[in-house]
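Those protein sequences? They're chains A and B, same order as listed.
Residue numbers for the first sequence follow the working numbering, so the first one is -5 and each next one is one higher.
Residue numbers for the second sequence follow the working numbering, so the first one is 44 and each next one is one higher.
No wet-lab data here; the hints were simulated from the structure.
We put the beta carbon where it would ideally sit given N, CA and C, even for glycine.
Simulated restraints, written as ranges between beta carbons of each label pair: (1) L458/A with I59/B: 23 to 31 Å; (2) Y448/B with L35/A: 20 to 28 Å; (3) K347/B with L35/A: 57 to 65 Å; (4) R70/A with E153/B: 40 to 48 Å; (5) Q435/B with G329/A: 50 to 58 Å; (6) I59/B with T439/A: 22 to 30 Å; (7) P147/A with I59/B: 25 to 33 Å; (8) S171/A with R67/B: 43 to 51 Å; (9) E117/A with A160/B: 49 to 57 Å; (10) A457/A with E60/B: 25 to 33 Å; (11) S171/A with K77/B: 30 to 38 Å; (12) E443/B with E167/A: 21 to 29 Å; (13) K77/B with R70/A: 18 to 26 Å.
Quick look at which bits of chain B chain A covers, simulated, 3 or more residues with Cβ under 8 Å: (14) 53 to 61; (15) 201 to 212; (16) 233 to 239; (17) 434 to 446.
Below 20 Å or equal to it, Euclidean Cα-Cα: the simulated SDA-like pairs (lysine to any residue) are: (18) K113/A with I59/B; (19) K123/A with G49/B; (20) K26/A with N90/A; (21) K113/A with T58/B; (22) K113/A with I62/B.
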Amino acid sequence: MTRKMEEMTASDYEAIGLRSGLEIHQQIDTEKKLFCRCPVLPYSDVYDAQILRHMRPTLSELGEYDGTALMEFKTRKNITYQINSDTICTYEMDDNPPFELNPQALDIALEITMLLNCKLVSEAHILRKQYLDGSIPAGFQRTTLLGVDGWVPFGNRRINIIQLGLEEDACREVSDSGHERVYLTDRLGIPLIETVTAPDMTTPHEVAQVAVILSNLARASGKVRRGIGAARQDVNVSVTGGCRVEIKGVSRIPAIPLLVHNEAFRQVSLLEIKRELSRRGITDSTFSSEYFDVTREIAGTSSRYAVTALKRGFELRAVVLRGYRGLLSTVTQPGHTFAREISDRVRVVACLDDLPNIVHDGEEGDSFSDNEWEIIRKKTGADSEDAIVVVWGSAEDIETAVSEITLRAKDAIDGVCSETRQSLPDGTNGFERILPGPNRMYPDTDLPPIVITEEMIERIGSALPERPWERAERYVAAGVPNETARQMSISDMRFLYDSAAAKCNYSPRVLMHFFLSTLQHLKKSGRIPGLTEESLIEVLEKAGKQNLSIEAAAFIIERVCGYDRTGIDIVIKNLKIPGRKELEDAAGSLMEAAGNFDSLLLEQYLTGKVRGRFNGIAGGKDVIEVVRNVILSRAGNSGRR
Amino acid sequence: MKIHNGYNVGLGVDTIESITELGRNEAHYKIPEKEFPFDPSKPNVKLFGTGGTIASRLDYRTGAVIPAFSPGELYGSVPELADICNLKTEKLYGVFSENMGPDQWKGTAEAIGEEIANGVDGIVIGHGTDTMHHTAAVLSFMVQDSPVPIVMVGSQRSSDRPSSDAAINLMNATYAASHSDIAEVMVCMFGPTSDQYGLLHRGTRVRKMHSSYRSTFRTIGDIPLAMVENGKITHLKNDYKKRRKDRKVNINTAFDPRVSIVYYYPDMKPDIIESLIDNGYKGIVIAGTGLGHVNKPLYPVLKKACEQGIHIYMTVQTLWGYVQMFVYDTGRDIMELGVIPASNMLPEVAYVKLCWALGQSHDSEEVKKIMLTPIAGEITEREPHNGYLILQGGIPEVEEFISRYKR
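Let the hints inform the model, and build the full structure from the sequences given.
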């Protein structure tokens, strides 16, 4: 069953038991990388050397192999790394042990950990998190946990933060085809923080809203990287009866709700398949499948899949899933059926990535002909209750493919598999790997634990920047409207605003509007090139002291821009502030020229015109007052007539 | 403390309020053991473990490295080995390579002799990489005319890491021991840093040249014997000792450890040599500058040492190239003191060879004859032009090479 997101209400999601959490990866702004002294430079796809590696699974600290690692090992990938000598040294290549953890990165990460109200660890232990997909040449990522059990406010409740870790960034994938995978190493080793929330969000939109809050919080430190790829979200989703599925690599927050929605209903659909299998009496112990080499049988047919496969020297296998009739056609995501889950596993694990890589006998449309299916059914002895999947591939990949088809079909008995899935641009998701467990973690024996000292806690804690919500509360208390306060609390200008507010006597409401609106307008229209922060604050301070309107201050800013600061006094001195009389005269004469407006439109029209005549120097409040009086008095005059 | 998601964190003892036991999860850190299969059509190889990174795994309880794999563990973690040979293993020692010394060298040589007598088709020795070239050299002298390959192997990245070079090195070494025609003591380690091919280096010409790179072992002053990759050996040299069917081998473990290497530096004072004389050293290998030089203030003490019967040999700290003490007067002067040029023997090789030679005799002429007669390629008559290739990064043609080839 799938449903459209627009049709859903919060209680609909409650009914399916949607729970969602976030893992936010945010690069932090350091000069050097986390475990070596390579500079952090802008991304570049230019490389000057390549190296080749393979990965093998290793035992965890508790003596277990991680399932994901074993799955990745089956793929037998040749992994090529493209290396730029400006940004990569022998450490990232895994040809040199790590250097001491970058203390600047640790400071920033601790600051954000404290901003998230987390409890700090006493010692940071560096762990190795295995990644056999090759995204890190060492085969593991160095990572360390700094804090647990934090929270951020969300409406009337709190969203809990499970943990915050500091780790090194991985490679970017360039291509992955067959058994060849290529990575670019331009972001490898850049320090990043991983913030993990509890699954406290219960609708898809809440997930996006919390992502924004966390992103703003990280920015509050002013020490995180911005721009494309500097922050990436993973979304965890489960529904009642399902299990945690992680969707990786969501680079845009607005894309989150649809992904969460589609994943929730993918799980709902898989649970329906589970119930149907149970109804049919198929359990782990009664599950039965068989496979048959049908290369020869298919060779005689004109099926275009067969023709292409045979041309490439591939073999064909038919996998019979006993009692699975019709289930592969169950819709799981918009435009996709359960067969896609099987096809994904064949693509990822057996590396058969030319699609379609399977067909099944319940498929509508392009498949084998009835006659060809009949031949296959005869060869396999499949009956009307069975489903048949046909797969093709090279002799060395076909066994893996057959085994993955069987494994995935059997997993349907349990409903939802714990998986890491890839977000796709259309809001659906595809299989990436089995969700890794705690067994992929083991201690890094190359570096000693780092004691988080009282001195560090005191130094960082005492200089902690305001959290955005605290800042917004402070602005609101000073009389600023909620939305304006919220906007300023996450704006890059918040520090500049604060220092201006401390020095000049405009009201917070007027000054904040000036920063968020007037100043932006002046900047965008290119009228204040080269304006320094010092000049800006000095103008606001001096104009305020002389009780000039904020509009007059804006006028001065435009005039002094580009000159040295001694110009400010001269401009202020020569400023011709229109008096009451001048405003009234201007309004009167303009009203004569104006046609017949109704009074509200007339007020707007006149206000604009009068301000324009005085280059916007006249205070907005004064002008409106004068215009209103002029309109009123005319109405009075005409009444007397 | 290990937490549910696999992370470890350190908690200050004074921050703990109470501890409650909720359950139990015991660690069983063991490579799944499977019985190594036997196939009568495959060669029989013996793997000796001496310690080091290759044959080690971490004991997280103590933080120590546990050396040596059983065949079952090896098969469990590198099942490809069973396609190559029938493997038996024996743990001789469990030491880091810096702790290898005369006792371990003798013991290893004797163990090799016994296995050859027992009829193995090849021998692999797992060894820490730091002093692998010392052991390779000393075994080249202690084990002479072996009928089968003796292949030393290690790893630069421990086998507890997914990107370890251990598995590939082991496969390559085992393949070379099983199938190669080269019956010499060799070192088998990564050629380039990439997972591509291993190189078989002659035991007396190989040296560890980088503290951490995978491709740290290089043949110095010559080219490697062969490349080995995916069950294929590509010979690079043809002047090697061939595999034989007989079981004859000369094991000679006589060894006098009273030898030192003196790495010369400008302004070295005579008291360094005095101290060796006073402490009863019988041999000194000097790693001299350039073609084989030391400063004048050392002349009297070197003369004194030679007169007291200490055997002094000159090698070069440039590693590449020959000692040539006729070019400058100073060289001639030093030879007149009694210092003997040791041709193009690497300093570490000259050191172990002098120990071994002093194990045979203390007669200076006899020792000199042993030292200067090549036994296992430690002195070569000529240095080929491609025996010295250190490509310098940054140069356009080198950059073009490394961007095109995954090395």
